[in-house]
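Generate coordinates for the entire structure from the input sequences, incorporating the hints supplied.
Counting from 1, position 416 in the sequence shown corresponds to residue 416 in the numbering used here; the numbering is continuous, with no gaps.
No lab work stands behind these hints, which were simulated from the structure alone. Just so you know, these numbers come straight off a predicted model, no measurement behind them. Treat each hint with caution, since some may be false.
Unchecked claim - SDA-like cross-link-like pairs, simulated, lysine to any residue; straight-line CA separation at most 20 Å:
no.	residue 1	residue 2
1	K263	S42
2	K270	Q39
3	K266	L93
4	K270	W47
5	K270	L506
6	K262	T440
7	K301	L285
8	K182	E29
9	K30	K206
10	K453	L506
11	K206	F343
12	K260	L93
13	K262	A447
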Amino acid sequence: MFHTNQYSSISPPASPVAEDNPFSTYFEEKVHIPETDSQAFSFRKLWAFTGPGFLMSIAYLDPGNIESDLQSGAKAGFKLLWVLLVSTIIGLLLQRLAARLGVVTGMHLAEICNRQYPTVPRIILWLMVELAIIGSDMQEVIGCAIALNLLSVGRIPLWAGVLITITDTFVFLFLDKYGLRKLEAFFGFLITVMALSFGYEYVLVKPDQGELLKGMFVPYCAGCGPVQLEQAVGVVGAVIMPHNIYLHSALVKSREVDRKNKKEIKEANKYFFIESSIALFISFLINVFVVAVFAQAFYNKSNMEVNAECNVTGIPHTDLFPLNNDTLEVDIYKGGVVLGCFFGPAALYIWAIGILAAGQSSTMTGTYSGQFVMEGFLNLRWSRFARVLLTRSIAITPTLLVAIFQDVQHLTGMNDFLNVLQSMQLPFALIPILTFTSLTSIMNDFANGLVWKISGGIVILVVCAINMYFVVVYVTSLNSVLLYVFAALLSIAYLCFVGYLAWHCLIALGVSCLDFGGRVRNQPAVFIEEQSEYDS
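Right, here's the structure in full:
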């Protein structure tokens, strides 16, 4: 029965015990959910469910996001804050789908892709997601290396900073031995460090609150041109990360939920959504701190002004700002230097601590993403040590070469390429999550309703279109005919595969005229039959 239909039904495990797998490299413990007599909201239960959402929210605070934030402030002032707000809300809705998939089925997105897609598409999908994870890991390596360079006043060269990030492996494995809740608490500590670091900069700079609120809630960008448009697209691309959808669908499995009990599933969905909302609200505030600091202090500043200020305060690196009247362009490295020039050395060091916390935390969640994706798509049970060593080696090698043979400008310039790389991978997370959460054969009573199907489809279409625009802008800026030809050939293969996934998604959304082979027509009946066998 599983092989005759494209979309086979998934019977959820009877209890948390039924999910145990002696070969699993997932969390060895599950958090117990306390029983309460009242049907009303319970803070005790919310606390028990708190953790996965905050780990997921770290992807909204990685060095790539921080760089996008500061560039948004420096290039457009407060005018693009509404884009950040809308992107975060869209992100929350997509994370809701990911969490519901994990809670209802007891399996994460990669595992379900492994069961539902044929072999070739499954392998291609796995490779695309791995590319996104490696790209994200490279951004985190770059962020940590730059932070260490700033903290040491240049004594730790960038190449050494890149090598030091290898120790993340051992830190991660060391923390992992102390249990799930302690690990989650450590991530909470890193988020607190980021909030305090960037919050300090915010208080120091004293942004105009009226302009900030106007930029956040008025969806308009007065006097904006191609530069600001490109930056707005970059904000969307930086916020919504493909591998984070896979990560969140797996993290929710760490709570004890009886998946035969519809009431418990409904309750878990509710509390995970509340927790994710709180976590993303905090990450949004931290992002706003960064945008506001650079919008208030450095919007429309010229290189000449910054150079003069750095000479007065005696901060090194004035060579980063040529003596011309071009508008200041910043990245996470220049951002720290500029803050030091205008607000003193303390501002520079506190900025670097925040970047280091962002890099360290996102490195660890990236490792988990890689673990789940490899386990799910390939059914491989590697130890976390082997997994971390592989992904970190792949991420460090090109970054190290650039750090040794080039300067910091080229290292931070890699972020643009990596953002484009991750933008291209976005359909390979968004389309499958909408497909599977819309199928009754997989989600049973918790499948997406008509409103969610339509709104989810529109959101994913818009997000993918925005990111494709970002990719086109980047490719056209390369000014190379050879690269244009290569990009055109790559685009044909890419669009064919996206079209294949979209075709399956449209069938799942109810466009039955596309279901040429009758692949999913009788799925609800299949589910009911198998579910009744399971209950008996």
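Evaluated hints:
1. K263 <-> S42: 15 Å, holds
2. K270 <-> Q39: 12 Å, holds
3. K266 <-> L93: 17 Å, holds
4. K270 <-> W47: 13 Å, holds
5. K270 <-> L506: 27 Å, violated
6. K262 <-> T440: With a Cα-Cα distance of about 15 Å, the restraint between K262 and T440 holds, given a limit of 20 Å.
7. K301 <-> L285: Violated. K301 to L285 sits at ~25 Å, over the 20 Å cutoff.
8. K182 <-> E29: Distance ~12 Å between K182 and E29 Cα, so the pair holds.
9. K30 <-> K206: 44 Å, violated
10. K453 <-> L506: The given pair, whose Cα atoms are some 10 Å apart, holds under the 20 Å limit.
11. K206 <-> F343: 12 Å, holds
12. K260 <-> L93: 25 Å, violated
13. K262 <-> A447: 13 Å, holds
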